[in-house]
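**Q** Chains as they are written, first to last, in the numbering used here: chain A, 516 to 630; chain B, 1250 to 1366.
Where hints are given, some of them may not hold.
In silico DSSO-like cross-links for lysine-lysine, where the CA-CA straight-line distance does not exceed 27 Å [as the list claims (entries may be wrong)]: (1) A:584 - A:564; (2) B:1306 - A:617; (3) B:1264 - B:1306; (4) B:1306 - B:1260; (5) A:564 - B:1306; (6) A:564 - A:617.
Source of the hints: derived by calculation from the structure; they are not laboratory data. None of the values given here were measured: they were computed from a predicted structure.
What follows is the residue order along each chain.
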Amino acid sequence: AQSVTQLDSQVPVFEEAPVELRCNYSSSVSVYLFWYVQYPNQGLQLLLKYLSGSTLVESINGFEAEFNKSQTSFHLRKPSVHISDTAEYFCAVSDRVGGYNKLIFGAGTRLAVHP
Amino acid sequence: GAGVSQSPSNKVTEKGKDVELRCDPISGHTALYWYRQSLGQGLEFLIYFQGNSAPDKSGLPSDRFSAERTGGSVSTLTIQRTQQEDSAVYLCASAPGPGLAGSYEQYFGPGTRLTVT
Chain A
516 AQSVTQLDSQ
526 VPVFEEAPVE
536 LRCNYSSSVS
546 VYLFWYVQYP
556 NQGLQLLLKY
566 LSGSTLVESI
576 NGFEAEFNKS
586 QTSFHLRKPS
596 VHISDTAEYF
606 CAVSDRVGGY
616 NKLIFGAGTR
626 LAVHP
Chain B
1250 GAGVSQSPSN
1260 KVTEKGKDVE
1270 LRCDPISGHT
1280 ALYWYRQSLG
1290 QGLEFLIYFQ
1300 GNSAPDKSGL
1310 PSDRFSAERT
1320 GGSVSTLTIQ
1330 RTQQEDSAVY
1340 LCASAPGPGL
1350 AGSYEQYFGP
1360 GTRLTVT
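Chain A with its partners taken away, still in its complex shape (with noise of 0.2 Å):
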């Protein structure tokens, strides 16, 4: 069975500091990889993803994330971090065989970005 490890429960950094969080998963197939994010009292919103061709995906608000299939990883990066992106993050992933998008999430990092 597939499963993703989030390995930061908790990251607090401060404002303008870049910061990585990490996931990996585990899986013997092909896999399509998500980060969610969550907003304090607010849904899940896709931030970013990666399904196939480059391995680098970016986010518009300055998010990326680097597919790595070696070390089966898809850490979430961002140089310099603002007060609003305070948040938790999931990091998921779907497997290509079944044809639909079965999510299997990553028990979540909540970031906190203080000034």
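Using the hints, position chain B against chain A.
**A** Same frame as chain A, but now just chain B:
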């Protein structure tokens, strides 16, 4: 356009009662998913609908849980004889059907927070 909506937003019920949670997907989305978000278990897949059929019910935790979808649109998740461990946020997501553009992007509703006392 309208996103995924869920109702009620909050539900408090007594142990042993039945509850129904509703999901209205984005118009035209034939794929619909239910997930559960709880403190102890994180985010878990419950069930997947394609149209009115549910080819994957593997995440339903017990036979007290059931779901249906009618008209390829609205879905209802029913929990019978609720238990305290059912307390969680129940999330619904919809997506275009398999093979369609964007089919791997799920749009989530705001969730229903269920509290069983």
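**Q** Against each hint, give a clear statement of whether it holds in the structure.
**A** Each hint tested on the structure:
1. A:584 - A:564: With Cα atoms ~15 Å apart, residue 584 (chain A) and residue 564 (chain A) stay inside 27 Å; holds.
2. B:1306 - A:617: With Cα atoms ~11 Å apart, residue 1306 (chain B) and residue 617 (chain A) stay inside 27 Å; holds.
3. B:1264 - B:1306: holds (24 Å)
4. B:1306 - B:1260: holds (24 Å)
5. A:564 - B:1306: Satisfied, since the Cα-Cα distance of roughly 25 Å is no more than 27 Å.
6. A:564 - A:617: holds (14 Å)
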